[in-house]
Amino acid sequence: EDFLDKPAYGALSDEVLADEKGIEALLIGAYAALDGQDVVNGGTVALGGGNGWEATPSNWIYGDITGGDAHKGSDGGDQPPINAIATYSVDASNGFFNTKWKALYEGVTRTNAVLRLLSEAEDITEESRANLAGQARFLRGHYYFELKKMFNMVPWIDENTENTNIPNDTDIWPNIEADFKFAYENLPATQDEVGRANSWAAGAYLGKTYLYQGKSNEAKNIFTEVINSGVTSNGLSYGLVDNFNHNFNAEFENNEESVFAIQMVANDGTNTIGNSNQALMLAYPYNSPFRCCGFYQPTQDLVNSYRTDEANGLPYIDNYNNNPVKNDMGILSDEPFSPDTQSLDPRLDWTVGRREVPYHDWGYHPGYDWIREQSSGGPYAPKKHIYWQYHADTYSDQSAWAPGNAINVNVIRFADVLLMAAEAEARTGNLNTALEYVNLVRGRMVDNPGNWLKDYIDPENPLDGFSDQYAANYNIERFPDGYFTSEEQAMEVIMYERRIELAMEGHRFFDLVRWGVAEEVLNNYIEYEGQITTDVRGGDFNSNDGYFPIPQRQIDLSTTAEGPVLQQNPGY
Amino acid sequence: VVLDAENGMPVPSANVIEKGTSNGVLTNFDGEFSIQVPAESILVFSYIGYATKEVQVNGRTEIEVSFEPEAAALQEVIVVGYGTQRKADLTGAVSVVDMESMNRQPSPQVSEQLQGQASGVTVTSSGQPGEPPQVRIRGINTFGDSSPLYVVDGVPTQDINYLNPNDIANMQVLKDAGSASIYGARAANGVIIITTKKGSGDLKVNYNGYYGTQMVPKGNVYDILSPQGHADIRWAAMENTNPGEPITDRQYGSGAQPTLPYYILPGGASQGEVDESNYFVDPNYTESGAVNGFNQIIRANQQGTNWFQEIFNDAPIMNHDISVSQGGEKGNFLFSLNYMDQDGTLKNTFFERYTARVNSQFNISDNFRVGENIAFALSNGNRVAVTGENPINHAYRSQPIIPVYDIAGNFAGTQAPSLGNSQNAAAILERNRNNFSKTSRVFGNIFAELDFLENFTARTSFGGSYSNTNGQVFNYPTYENAENTTYNQLTENAFTGYNWTWSNTLQYQNNFNELHDVTVLVGTEAFHNQYEEVSALTQGYYSFDPDYVNLSTGAGTQTNSGFYTEDALFSVFGRLDYTFNERYLLGATLRRDATSRFTNPRDGWFPAVSAGWRISEEAFMDDVSWIDELKLRGGYGVMGNQNNVDPANAFTTYGASRVSSYYDINGSNNSILEGFLRSRIGNPNASWEKNINANIGIDVNLFNSKLQVSADYYRKDVVDLLYNPELTGTAGVSTAPYVNIAEMKNSGLDLSATAYFDFTSELQMNTTLTLTTFENEIVNIADGVSYFDQEARRFNGSSIVRNAVGHSVGQFHGYNIVGFWDSQEEVDAANQEAQNALNNPEAEYQSDIGVGRFRYEDINGDGVITSDDRTFLGNPNPDFSGGLNIEFTYKNWDFSTFLYGVYGNDIWNQVKWWHDFYSSFNGAKSNTALYDSWTPTNQNATAPIQETGGSFSTANVPNSYFVEDGSYLRVRNIQLGYSLPNTILDKVGLDRLRLYVQGANLFTITNYSGVDPELTGSATAFGIDEGAYPTPKQIILGINLSL
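Sequences listed follow chains A and B, in order.
Under my numbering, the first sequence has 480 at position 464, and the numbering climbs by one with no breaks.
Under my numbering, the second sequence has 607 at position 598, and the numbering climbs by one with no breaks.
It cannot be assumed that every hint is accurate.
Pairs of lysine to any residue residues, derived as SDA-like cross-links and limited to a Cα-Cα distance of at most 20 Å, are as follows [said to hold, decoys possible]:
{"id": "1", "chain 1": "A", "residue 1": "LYS22", "chain 2": "B", "residue 2": "THR505"}
{"id": "2", "chain 1": "A", "residue 1": "LYS22", "chain 2": "A", "residue 2": "VAL56"}
{"id": "3", "chain 1": "A", "residue 1": "LYS22", "chain 2": "B", "residue 2": "THR661"}
{"id": "4", "chain 1": "A", "residue 1": "LYS22", "chain 2": "B", "residue 2": "THR396"}
{"id": "5", "chain 1": "A", "residue 1": "LYS22", "chain 2": "B", "residue 2": "GLY571"}
{"id": "6", "chain 1": "A", "residue 1": "LYS22", "chain 2": "B", "residue 2": "ASN652"}
{"id": "7", "chain 1": "A", "residue 1": "LYS22", "chain 2": "B", "residue 2": "THR204"}
{"id": "8", "chain 1": "A", "residue 1": "LYS22", "chain 2": "B", "residue 2": "ASP655"}
{"id": "9", "chain 1": "A", "residue 1": "LYS22", "chain 2": "B", "residue 2": "THR608"}
{"id": "10", "chain 1": "A", "residue 1": "LYS22", "chain 2": "B", "residue 2": "PHE344"}
{"id": "11", "chain 1": "A", "residue 1": "LYS22", "chain 2": "B", "residue 2": "ASN675"}
{"id": "12", "chain 1": "A", "residue 1": "LYS342", "chain 2": "B", "residue 2": "PRO255"}
{"id": "13", "chain 1": "A", "residue 1": "LYS22", "chain 2": "B", "residue 2": "ASP632"}
{"id": "14", "chain 1": "B", "residue 1": "LYS213", "chain 2": "B", "residue 2": "PHE344"}
{"id": "15", "chain 1": "A", "residue 1": "LYS22", "chain 2": "B", "residue 2": "ASP612"}
{"id": "16", "chain 1": "B", "residue 1": "LYS447", "chain 2": "B", "residue 2": "GLY418"}
{"id": "17", "chain 1": "B", "residue 1": "LYS213", "chain 2": "B", "residue 2": "ASP13"}
{"id": "18", "chain 1": "A", "residue 1": "LYS22", "chain 2": "B", "residue 2": "ASN694"}
{"id": "19", "chain 1": "A", "residue 1": "LYS22", "chain 2": "B", "residue 2": "PHE660"}
{"id": "20", "chain 1": "A", "residue 1": "LYS22", "chain 2": "B", "residue 2": "ILE690"}
{"id": "21", "chain 1": "A", "residue 1": "LYS37", "chain 2": "B", "residue 2": "ASN936"}
{"id": "22", "chain 1": "A", "residue 1": "LYS37", "chain 2": "B", "residue 2": "GLY664"}
{"id": "23", "chain 1": "A", "residue 1": "LYS37", "chain 2": "B", "residue 2": "ASN675"}
Hints were generated in silico from the structure; no laboratory data involved.
Based on the sequences and whatever the hints tell you, model everything.
Here you go:
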């Protein structure tokens, strides 16, 4: 018998992990699922299979491409499932959703493992127990929030669930709310490590959960507390950083604006980019120093929304496409082009890469040459997740066929909290408070013109730094006092401001859907953008497209003798 | 003189007796004899292993007799599980391989040579030297590893790549439960028993050698467009996609017609426009950002680069084999040395192997023998991946306007803009040149045999193998591609495998009353196996000089990894063979295996019974003189399979992964902290796959054994098939446990027929046909799971292969194309019908419907194309496969040819996805795409309208466009040999000297449009061509020499 007794080599059993140290390590594993990424045999994959980007934690596909902020980009035949996602013509067998679903439920599974072992383990102080459980439930709340906003009806699996094949017939908002509430009440205000969730992050997320459910009063109350008293895990009072770009720069991250962020690293010793923003590896300009792959190109519709009125520095909320920003469609890089000269919100050039404008310290974006196929993806490049050249050695990771970087993915940043709070205030009739919050967000730009994008001292040597010449004609002002006249008008302004502040951060589509304006906004976008690029032509958003299909694969897997346990969302 | 009819060799020590007398002599070493007999007498020739032959003397003084060894087939002793049996007494389905015919195929791999040589065995191999072929006995028996068990000199193993084909004395394939089930838990995929040579007779020295050239197809193998054609198709696609809009392009300029540039980097530059003195590239750069400072200049190759020919070249193959052997009463020995060197036709790929063998036996006394068989093999090779992104794939994706080299002789590539993202395949292979994988392996056994109490024989054998593979890959930074890798790194790995098998058997054999022949065998066997992997990687080398580069000389990140596993088996087994009166045969085997891989229960029983009836021995057959042998056989039993499960399957485990469970909780930006995840969900109740097999066979020898036919029909029910049903996503992504849940069934017919023709005493011919058919059906996969899909390739999310209940494994699945949409009216009409059917005014018949695109078949007739309209498009399993061997001998000449064919299988030609659709990445396109795609004036086209974007209605989903008939007939081998006559040999003191010339794989008849229809794959997904390594043609000169 001894001869035949072989253990599982190179692995641990759960008994070994059922103490504070083991649970702590399982909790780290639960954080590690935030990025949804894995590397198998050197290849980029999502947790549980599928391409890594399909499980994007920043939702560049599911929030920005679908939300009209970005094109798929690249060339038409690359990653074709995104074409269907971009035109709202997906069917349930589109593998992207299955990948995202699996990665998120792996996150849930890891948090449940923490909670299950915690209930069995002894010799853990109440304080530690509350902290560990609070973090686990915060993370579980996050994973379910992602599932909820994408798929709406999803099964709730927690640490006590034995059979994981259960129906998706119950609204899980109350469960998500309970997780964040528990985390809010049990987590400390500060943590030893900045990457951990603290009570204020849980509070902000709880507010967001209320807001998504239309519970404006509850949302307002908690946001007020968060805004007034909130601190980051490392004890900084919440605030807006002077330099907008510092939210997207690895050197300055985990600052006072970072409420909760997914920590990314570069050159972590794995010789992979599995922990280095792998899900965005496709989203760099093509034929450029970044090499690959030309995805995730901002839309003309988004760029136009940064147009401001020369006279008052305010946006054209109702008709921003009437005076489009000049682009370089069809103009080769060696042909002359001069960029737009009219008044623009300075956030544009921290959000979008466009021709003849400094692309961080990489030189002017050359237009055509860095774009894989203008006719389908348009003329622009993304910018918020692009690392700086002077950081390339430290914060970029070149150990795969496309770059990785150490720039955190912001799940919630303070500007987001302010704009969510503005919504809650506007919905509850406090128009002045709402306006105050919106103006706080705009005011950061207004008050810090020194941090607007400048031209290079020497365009031939972009690393030499920036002159004091602005890169474009920037002009932004706060909305005047009393600008909000009705809930409806205030909401319109808040929605607009939210788009331009948080563009290319994965929020847009989910915001449009929860506001109930997706059909109108997105069909207008398709109509406008379709005149410029071919990729979105034929797109049509209808009322069922606000939630993605439950992955067909999961419905098939749930099938028992009595039929499928999971039910498909309407319209698929 | 007495000669062997098959090979013309003299038969020494044969009995020659005058019929009806005791007057007799033996033949001498040269088969010669001399006897005094009356002129009208009859001589009777006999010898063990040959049919007795009677010859009328008719007054002749010289008589040449050809002994028919085939008749001896009945007397022939066959090695079966743990023993031997007369072929006549066989009750199981056993194919005996004709070693001589098999050895004619010039290959280092025994298993590759086996193709078409044994009925019931299918072998597919790649053209890449050293690539282990895929061997299937009676089709696919499991979703996992379907490779057979090999038993070499009594020692089980999974790997015979180290074997020198010339060392093999005989080879038997055990196909049914009756013959194989004595190997119990490892028998289900069939068993191949190999016995290596022993010395016999006088001291012999043999030398066999050959040298040859291997050739690849010439010309425009992939039917790729010229550079001008690529410019034209870009214009056509742009115009089709955005009619009337002006076209601009970085390479081809703008305007109504494209113009070919003089330079492709800088893109589209014309002659004189570029100052070539500004060229700067450092191909061995070490700073990842350095590539941004390069100024590479590449001239267009307006004539076009033939990328296939750039990477494939004719290559040599050679083999030298020498053996020394002797045998006698005191024992025997054989010593052999082999050197095999096969260069690949793909640049810098090769396989070379040295093998040494010492087999010896010492007869210590009349009843006690000890001996050993041991082989040592050293091999070295460099191979490319057979599937996925490999140099072949990049070669057919590269546009011909790209030259191999830039103006300074560095590599050129898609760094030149707008020419796609393929990599320079010649560069990949050049950078691959110092990579290798070296294996050393010792394999063998020692044994002792004791005969006692007259009827008993005890045998013990201890054997096993120790093997070590170490490999090295250096990755150079690239600069010439669109998507460059900017790091350099060295990866080294070492795999060490060690296993041993200790077998003990006791055999009792007796004959009672000349009627009852009984053999009983009992035995035990213990098997222990361990395997270890170590792998390490270092980046950041100052110099890429291979003499400098090792794991410690790099300045960058170092990583390492390891793996260890162990498993064991303990078995007891027995067999009973009983023959009554030479005509009624009964066999029974039983084995009990206990394994470390399963816990509850740990052991399993594998019984089998078989029976035979030699009808030809019955009295009523005495008058039917043309039937020499007629035997009916049948067997039933259970074979097991434990391969398809990880040794850790029983355990729920937690582990750590730096990429997926570590996290930068400190926000450090450059370091990660250890975290755990649940890595595996265990199933303590997993058990063997059970292959319940019924076999019925018939053996017939006719016309004095001039015609021998053996046919078997079988049916296998594979139950408790191990499958790891994907868990619902809600269970997390831990490795799902294997459970005994699936079921499949196989049936088929194996047929082999051999015929001998003696046209004259000098011109003889024999021919052997083998035929293999099998049908496979998946009966069950898992509760609620009716299929599992594989191979998404470029169709992210939808798969090419569906393994579904009610179908065979590996079938292709997707939308069936019924034509093109030839006009907007057709589109509108179809949409209108869809709108009526769905009562939805916005409905479309199919997504992305458009003129010139594919029209899919509405399988379920609901008026609209949905995922339910996908159907089975083809089956990669052939209806049958077969080999035909024909040999002629005329005086000292011999000629043989071997044909192999496969009929009725389909191939998924994924190369077409790259070539026939402009939208499928901006790479090389085919003549079909430009000249035979749909246009309003060419509606009877092959390919759809060419557009810049792919769509559901063209190339974004698997559809029937990619399915082709994969049947082929290949002349595997033609050989012409000449043996020098004895008169000359005697003078120079040689026994034998034969020279031959041969051609291998010279012709292939197929309708398949790809490079090679012979394609490998996994057990459940195969027959997919995304750039196969073609089997080369070979022209070879060889020599066989004996002293």
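Status of the hints after comparison with the structure:
1. A hinted pair counts as satisfied when its Cα atoms are at most 20 Å apart, and LYS22/A with THR505/B qualifies at roughly 19 Å.
2. With a C-alpha separation of about 26 Å, the suggested pairing of LYS22/A with VAL56/A is violated against the 20 Å cut-off.
3. With a CA separation close to 14 Å, the supplied pair LYS22/A and THR661/B stays within the 20 Å bound.
4. The hinted pair formed by LYS22/A and THR396/B fails the criterion: a straight-line CA distance of about 34 Å is larger than 20 Å.
5. Of the pairs offered as hints, the one joining LYS22/A and GLY571/B holds, with about 18 Å between alpha carbons and a cut-off of 20 Å not exceeded.
6. For a cut-off of 20 Å, the pair hint linking LYS22/A to ASN652/B stands: about 16 Å separates their Cα positions.
7. The suggested pairing of LYS22/A with THR204/B is violated, with an alpha-carbon distance near 32 Å, which exceeds 20 Å.
8. Proposed proximity of LYS22/A and ASP655/B is supported: the alpha carbons are some 12 Å apart, at most 20 Å.
9. Taken as a hint, the LYS22/A and THR608/B pair is honoured in the structure, with Cα atoms around 10 Å apart against an allowance of 20 Å.
10. Using a Cα cut-off of 20 Å, the hinted pair LYS22/A and PHE344/B is violated, with the two alpha carbons roughly 39 Å apart.
11. The straight-line distance between the Cα atoms of LYS22/A and ASN675/B is roughly 38 Å, outside the 20 Å bound, and the hint therefore fails.
12. Restraint check for LYS342/A and PRO255/B: the C-alpha separation of about 19 Å stays at or below 20 Å, so the hint holds.
13. For the hint pairing LYS22/A with ASP632/B, the CA-to-CA distance comes to about 63 Å; that exceeds 20 Å, so the pair is violated.
14. Proximity of LYS213/B to PHE344/B is assessed by CA-CA distance (about 10 Å); at most 20 Å being required, the pair is judged to hold.
15. A C-alpha spacing of about 15 Å is found between LYS22/A and ASP612/B, which places the hinted pair at or below 20 Å, so the restraint holds.
16. Proposed proximity of LYS447/B and GLY418/B is contradicted: the alpha carbons are some 32 Å apart, above 20 Å.
17. The suggested pairing of LYS213/B with ASP13/B holds, with an alpha-carbon distance near 19 Å, which does not exceed 20 Å.
18. For the suggested pair LYS22/A and ASN694/B, the alpha carbons sit about 15 Å apart, so the restraint of at most 20 Å is met.
19. For the hint pairing LYS22/A with PHE660/B, the CA-to-CA distance comes to about 11 Å; that is within 20 Å, so the pair holds.
20. Of the pairs offered as hints, the one joining LYS22/A and ILE690/B holds, with about 17 Å between alpha carbons and a cut-off of 20 Å not exceeded.
21. With a C-alpha separation of about 64 Å, the suggested pairing of LYS37/A with ASN936/B is violated against the 20 Å cut-off.
22. Proposed proximity of LYS37/A and GLY664/B is supported: the alpha carbons are some 14 Å apart, at most 20 Å.
23. Distance restraint check for LYS37/A and ASN675/B: the Cα-Cα separation of roughly 17 Å lies within the 20 Å cut-off, and the hinted pair is therefore satisfied.
Going down the numbered hints, you'll see the structure goes against 2, 4, 7, 10, 11, 13, 16, 21, while the others check out.
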